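Asker: For the protein sequence lines, the chains are A and B, in the order given.
When the letters of the first sequence are read in order and numbered with this note's numbering, they come out as residues 1 to 147.
When the letters of the second sequence are read in order and numbered with this note's numbering, they come out as residues 1 to 148.
Among these hints, one or two may not hold up.
Okay, the calculated bits of chain B under chain A, using three or more residues with CB under 8 angstroms as the criterion [as the list claims (entries may be wrong)]:
| hint | region |
| --- | --- |
| 1 | 2–13 |
| 2 | 43–54 |
| 3 | 100–110 |
| 4 | 113–122 |
| 5 | 125–133 |
Calculated from the model, a selection of chain A residues having no Cβ within reach of chain B, i.e. all distances over 12 angstroms [to be verified]:
| hint | residue |
| --- | --- |
| 6 | A7 |
| 7 | A17 |
| 8 | D44 |
| 9 | E98 |
| 10 | E103 |
| 11 | R112 |
| 12 | D115 |
| 13 | R120 |
Calculated directly from the structure, the hints in this document are not laboratory data.
Values in this document were obtained by computation on a predicted structure and should not be read as measured data.
Note that beta-carbon positions come from the ideal geometry of N, C-alpha and C, so glycine has one too.
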Amino acid sequence: MTAVDLAGVVVGDELPALELRVTRADLVRYAGASGDFNPIHWNDRTAAEVGLPGVIAHGMLTMALAGRLVTRWAGDPAAVRSYGVRFTRPVVVPDDDEGALLELTGKVAEVRESDADGARIARIDLTARFDGKTVLGRASAEVTLPA
Amino acid sequence: MPDESYVGRQLPPTEPYQVGREKIREFATAIGDDSAVCHDLAAARAAGHPDLVAPPTFSVSFTMPQIEAFLRDPDFGWDYSRMVHGDQSITLHRPIHGGDELVTTIHVDDLRTRAGSHMLTLRCEVADNAGEPVLTTKTLLVTQAASA
Numbered sequence: 001m002t003a004v005d006l007a008g009v010v011v012g013d014e015l016p017a018l019e020l021r022v023t024r025a026d027l028v029r030y031a032g033a034s035g036d037f038n039p040i041h042w043n044d045r046t047a048a049e050v051g052l053p054g055v056i057a058h059g060m061l062t063m064a065l066a067g068r069l070v071t072r073w074a075g076d077p078a079a080v081r082s083y084g085v086r087f088t089r090p091v092v093v094p095d096d097d098e099g100a101l102l103e104l105t106g107k108v109a110e111v112r113e114s115d116a117d118g119a120r121i122a123r124i125d126l127t128a129r130f131d132g133k134t135v136l137g138r139a140s141a142e143v144t145l146p147a
Numbered sequence: 001m002p003d004e005s006y007v008g009r010q011l012p013p014t015e016p017y018q019v020g021r022e023k024i025r026e027f028a029t030a031i032g033d034d035s036a037v038c039h040d041l042a043a044a045r046a047a048g049h050p051d052l053v054a055p056p057t058f059s060v061s062f063t064m065p066q067i068e069a070f071l072r073d074p075d076f077g078w079d080y081s082r083m084v085h086g087d088q089s090i091t092l093h094r095p096i097h098g099g100d101e102l103v104t105t106i107h108v109d110d111l112r113t114r115a116g117s118h119m120l121t122l123r124c125e126v127a128d129n130a131g132e133p134v135l136t137t138k139t140l141l142v143t144q145a146a147s148a
């Protein structure tokens with residue numbers, strides 16, 4: 001994958017948007033990869049018992065998927081220095097082949113030099129929408145830009 | 001009722017978690033990250049890394065089970081079954097690489113009860129086997145307080 005030219009990054013630049021579908025199979029795969037086997041992420045009965053509208057995606061899966069917007073733009077997962085989100089709404093994943101649609105956007109909120117090592121750092125503010133509503137709050141990542 | 005005397009305490013460091021190359025590939029695949037440095041050893045080395053690079057949120061695959069073990073300890077008194085993940089931050093002092101042996105120390109930073117919910121902030125300090133810091137995570141977990 002070719003990264004965009006990051007030499008001229010300025011505040012306000014928008015990252016290429018990303019639309020992703022999350023299916024039940026994705027939840028099962030993520031459960032295995034992450035070790036998070038909480039049944040609310042794969043069992044309708046358990047989800048209903050705890051008052052959820054259905055099986056929901058792992059918050060950390062949604063965070064990881066939104067993070068792909070940043071790593072794809074930066075062209076390097078090792079460029080990420082920090083990443084934080086609030087989980088504000090669940091992503092309900094139906095038991096069908098379509099899954100849930102996540103709409104991811106991001107823009108450059110700040111460009112600065114690191115006090116520690118002088119590297120140029122961009123702060124990216126992210127939005128993740130499901131069903132027309134944001135599911136992550138205060139989602140923000142810091143990325144080292146090429147020298 | 002969670003035991004408030006834990007606030008300000010740190011738990012004993014974990015046994016080292018060895019980051020497996022295949023675990024990195026499995027995790028990257030599960031989140032749909034096809035970056036070459038997560039999958040292709042030659043590409044990772046060509047980019048200056050000693051081994052495969054883990055995606056930025058990879059650390060949850062070992063810190064969350066360590067957190068779960070603490071929260072399921074009846075001594076602490078946490079209702080794990082109704083827990084919700086409130087927020088999460090990860091600060092990487094360097095990328096995680098295949099072959100790293102990482103020791104996690106969980107710090108109980110805060111516990112408060114508000115509007116019928118217990119809100120617990122845990123911080124994980126993760127270091128390599130030379131004691132050098134690798135990453136810091138902060139996790140806010142929320143569970144319903146038992147109705148009176």
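Asker: Between the region 43–54 of chain B and chain A, see if three or more residues pass the 8 angstroms beta-carbon test, and mark the coverage as holds or violated.
Answerer: Answer holds; 4 residues pass the 8 angstroms Cβ test.
Asker: Beyond 12 angstroms from chain B, beta-carbon-wise, is A/A7?
Answerer: Since the minimum Cβ distance to chain B is about 18 angstroms, A/A7 lies beyond 12 angstroms and the statement holds.
Asker: Is the coverage entry for the region 2–13 of chain B by chain A consistent with the three-residue Cβ rule at 8 angstroms?
Answerer: violated (count 0)
Asker: Do three or more residues from the region 100–110 of chain B put their C-beta atoms closer than 8 angstroms to C-beta atoms of chain A?
Answerer: With 0 residues close enough to chain A, the hint is violated.
Asker: So A/D115 supposedly isn't at the interface. Is its beta-carbon more than 12 angstroms from every beta-carbon in chain B?
Answerer: holds (14 angstroms)
Asker: Per the stated criterion, does the least C-beta distance between A/R120 and chain B lie above 12 angstroms, as a non-interface residue requires?
Answerer: holds (17 angstroms)
Asker: Grab the minimum beta-carbon distance between A/D44 and chain B and tell me whether it stays above 12 angstroms.
Answerer: For A/D44, whose nearest Cβ neighbour in chain B is about 16 angstroms away, the distance exceeds 12 angstroms, so it holds.
Asker: Once the closest CB in chain B is found, is it more than 12 angstroms from A/R112?
Answerer: holds (16 angstroms)
Asker: Taking the shortest Cβ-to-Cβ distance between A/A17 and chain B, state whether it exceeds 12 angstroms.
Answerer: Per Cβ check, A/A17 is outside 12 angstroms of chain B; nearest 15 angstroms; holds.
Asker: Holds or violated: the region 113–122 of chain B covered by chain A, criterion of 3 or more residues with Cβ-Cβ distance under 8 angstroms?
Answerer: Violated: only 0 residues of the region 113–122 of chain B have a Cβ under 8 angstroms from chain A.
Asker: Determine whether the non-interface label on A/E98 survives the test: each CB of chain B must be over 12 angstroms from its CB.
Answerer: holds (16 angstroms)
Asker: Quick check: the region 125–133 of chain B, covered by chain A? Criterion 3+ residues, Cβ under 8 angstroms.
Answerer: violated (count 0)
Comparing the model with each earlier hint shows violations of hints 1, 3, 4 and 5; every other hint is respected.
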